[in-house]
Amino acid sequence: GENVEQHPSTLSVQEGDSAVIKCTYSDSASNYFPWYKQELGKGPQLIIDIRSNVGEKKDQRIAVTLNKTAKHFSLHITETQPEDSAVYFCAAPFYNQGGKLIFGQGTELSVKP
Amino acid sequence: DTGVSQDPRHKITKRGQNVTFRCDPISEHNRLYWYRQTLGQGPEFLTYFQNEAQLEKSRLLSDRFSAERPKGSFSTLEIQRTEQGDSAMYLCASSPRTGGDEQFFGPGTRLTVL
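Residue numbers (the working numbering), protein chains in the order written: chain A, 1 to 113; chain B, 1 to 114.
To be clear, the hints were calculated from the coordinates, so they are not data collected in a lab.
The reader is advised that the hints may include incorrect statements.
Calculated cross-link-like contacts (lysine-lysine; reagent style DSBU-like; alpha-carbon spacing at most 30 angstroms) [as the list claims (entries may be wrong)]:
id	chain 1	residue 1	chain 2	residue 2
1	A	K68	B	K71
2	A	K58	A	K37
3	A	K57	A	K37
4	A	K42	B	K71
5	A	K71	A	K22
6	B	K71	A	K71
7	A	K58	B	K71
8	A	K68	A	K112
9	B	K57	B	K71
10	A	K42	A	K57
11	A	K22	A	K57
12	B	K11	B	K57
13	A	K112	A	K22
14	B	K71	B	K11
15	A	K112	B	K11
16	B	K14	A	K112
17	B	K57	A	K68
18	A	K42	A	K22
19	A	K71	A	K57
20	A	K58	A	K68
21	B	K11	A	K71
Away from chain B, derived, C-beta distances all over 12 angstroms, residues of chain A [to be verified]:
id	residue
22	V13
23	V20
24	D59
25	A70
For clarity, every value in this text was computed on a predicted model and none was experimentally measured.
By construction, the Cβ of each residue, glycine as well, lies at the ideal position given by its N, Cα and C atoms.
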């Protein structure tokens, strides 16, 4: 069945340090991997995504890497800032059901000034 | 603002009452999804529309839940005879017609059933 595992569940870093969040997925057919940032009381915000034809994608301080053979992908945030503090979710689509997203359990990132 | 909008943002109701939520997707996005999110968890899929057709429903969607998208634009999610276990954030997302893996979420409707 479809499953996405995400680690760690909580992550605390000092401002300026890097943060890495990792996910594994089960459905070999998945070829699109988004990351969402969710602040308290708000809906998830798409921050970066990657398709399976590339191994890495960067957007300023955030990057995502993908290892399709091992079925895992990671979010990297460099030079963290207090405003990066939020819950981050990885996800993968399940195409047999209209591309519904299966989400990981979430990582609560805390960036201490 | 051209993002996904949801109304109301918060709803408090008593057990047994019916509630209805509305979602307005991004213009011309033909796919619309409903998810439910409980505290400390990721969103869980409820149902999916392509234009006005409801194509998939999760087992989470009991017969007390019904969703519509009558003209292929906005959608409504109704919960009848609410139970305390229905308390959650109900999220709507839309996805574009082409190249459309991306799902863009609205702010959600927070439901509290007393």
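Claimed clearance of chain B by A:D59, with the beta carbon kept past 12 angstroms: 14 angstroms, holds
Decide if the proposed pair is consistent with the structure: B:K11 and B:K57, CA atoms, cutoff 30 angstroms inclusive. Distance of about 23 angstroms is within 30 angstroms: holds.
Hey, A:K68 versus B:K71, does the alpha-carbon distance stay inside 30 angstroms? Violated. A:K68 to B:K71 sits at ~39 angstroms, over the 30 angstroms cutoff.
When you check the alpha-carbon spacing of B:K57 and A:K68, does it fall within 30 angstroms? 29 angstroms, holds
Please verify that the nearest CB of chain B lies beyond 12 angstroms from A:V13's CB. Label holds. Min Cβ-Cβ 21 angstroms, cutoff 12 angstroms.
Pair hint outcome, A:K112 versus A:K22 [Cα-Cα no greater than 30 angstroms]: Within the cut-off at roughly 21 angstroms; holds.
For a C-alpha distance cap of 30 angstroms, please report whether A:K68 and A:K112 respect it. Violated - the C-alpha atoms of A:K112 and A:K68 are around 33 angstroms apart, more than 30 angstroms.
Going straight from one Cα to the other, do A:K22 and A:K57 come out at no more than 30 angstroms? 15 angstroms, holds
Has the given pair, A:K58 with A:K68, been kept, meaning a C-alpha gap of at most 30 angstroms? 17 angstroms, holds
For the pair we were handed, A:K42 and B:K71, check the Cα-Cα distance against 30 angstroms. 27 angstroms, holds
Going straight from one Cα to the other, do B:K57 and B:K71 come out at no more than 30 angstroms? 19 angstroms, holds
Determine whether the non-interface label on A:V20 survives the test: each CB of chain B must be over 12 angstroms from its CB. 19 angstroms, holds
Checked against the numbered hints given earlier, this structure breaks hints 1, 6, 7, 8, 15, 16, 21; the rest are met.
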